[in-house]
Structure formats: C-alpha cells, structure tokens
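Okay, so the sequence shown: first residue is 550 according to the numbering used here, each after it adds one.
Some hints here could point you the wrong way.
Derived DEER-like restraints, expressed as beta-carbon distance ranges [stated by the list, open to error]: (1) C629 <-> N582: 26 to 32 Å; (2) E593 <-> M553: 17 to 23 Å; (3) I560 <-> D645: 34 to 40 Å; (4) D625 <-> G646: 17 to 23 Å; (5) K567 <-> R638: 22 to 28 Å.
Subject to a maximum C-alpha distance of 27 Å in a straight line, what follows is the list of computed DSS-like cross-link-like pairs (lysine-lysine) [claimed, not checked]: (6) K601 <-> K635; (7) K597 <-> K626; (8) K626 <-> K601; (9) K626 <-> K600.
Everything labelled a hint here was simulated from the structure, so no lab data went into it. No experiment lies behind these values; they were computed from the predicted model shown. Ideal Cβ positions, reconstructed from N, Cα and C, are used throughout, including at glycine.
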Amino acid sequence: MNMMENVISRIEEFDFEKEFICDDINDRVYTYNAFFDLALQMGEYINKIVKKDSFIAIKDNSFELALLYFATMFTDKRICVADPVKGEREIRDIIDGIEETCLFPDEGNKLSDAGKHTFVQYPELKVCESY
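Given only the sequences and the hints, what does the whole structure look like? Please build it.
Put into structure tokens, the structure is as follows:
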C-alpha cells in the first residue's frame, strides 16, 4: 500500500462526529468534521491570498497554528513559523530571510510593521477568538 492509499484508508475509518480537539483556552470543542471543514476553508483562502510559494505564521502553540499547519497540506504552499514570544528583532531576523510573502500574525504580534511582507487576516477564524 502506498502512502496515499494508506492516508485515504485511515481517513475512511474516522468517525467524523467524534470530538477531535478540545480548546480549553477558548472553551470550544471541534469534531473531526468541523476541523476538516475549517482546514479546507483555510486551505482555499491560503491558495487565494498567498501568491508566492510560502507564507509566514507568527503564532504561538494554539488551535490556530494547528489549523494553519493542517490547512497548508491542502495547498501547494510552505508554512514558515515564527514564535511570537521572540522579540521583534529575532522575529524580523527570521522573516527577513524569507522572500516577500503574506504574514499571518498573532493578535498581539510584536512587529511594528510587516516590512516587505503583507499582513493578512482570515475573518472566519473568529471561531478561534484571535481575529
């Protein structure tokens, strides 16, 4: 069995109504179905808004970051992650080494400006309480 057959086989076994993620911070529970739906929507948005090969997420370890990782698998893009806990200088060092692209910032990001990059937001992520 090749990898794709293995992945499809495993997905076919999912109980999509079963709880998948408990987000205690935002007091929300996501089923496999809800998470896949959000990931597919986010993947479509990424494909529409990100014109380059990669994009940058300045996100802490959160539901949103997990969603971005997973959604990126439904695209032909590469996700680059910068930890928002780092200071502006460290974040800038990381993102300045990446070609011009889109930035998905955390709500309280420490960047005063996006530099050569473009800040973007995904309004439908209100479910995650960060946008």
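Verification of the hints:
1. C629 <-> N582: 26 to 32 Å: Hint holds: Cβ distance 29 Å, inside 26 to 32 Å.
2. E593 <-> M553: 17 to 23 Å: For M553 against E593, whose Cβ atoms are near 21 Å apart, the range 17 to 23 Å holds.
3. I560 <-> D645: 34 to 40 Å: Holds - the Cβ-Cβ distance for I560 and D645, about 38 Å, lies within 34 to 40 Å.
4. D625 <-> G646: 17 to 23 Å: holds (21 Å)
5. K567 <-> R638: 22 to 28 Å: Hint violated: Cβ distance 44 Å, outside 22 to 28 Å.
6. K601 <-> K635: holds (25 Å)
7. K597 <-> K626: At roughly 11 Å apart (the allowed maximum being 27 Å), K626 and K597 satisfy the hint.
8. K626 <-> K601: Between K626 and K601 the Cα gap is close to 8 Å, so the pair holds against 27 Å.
9. K626 <-> K600: holds (9 Å)
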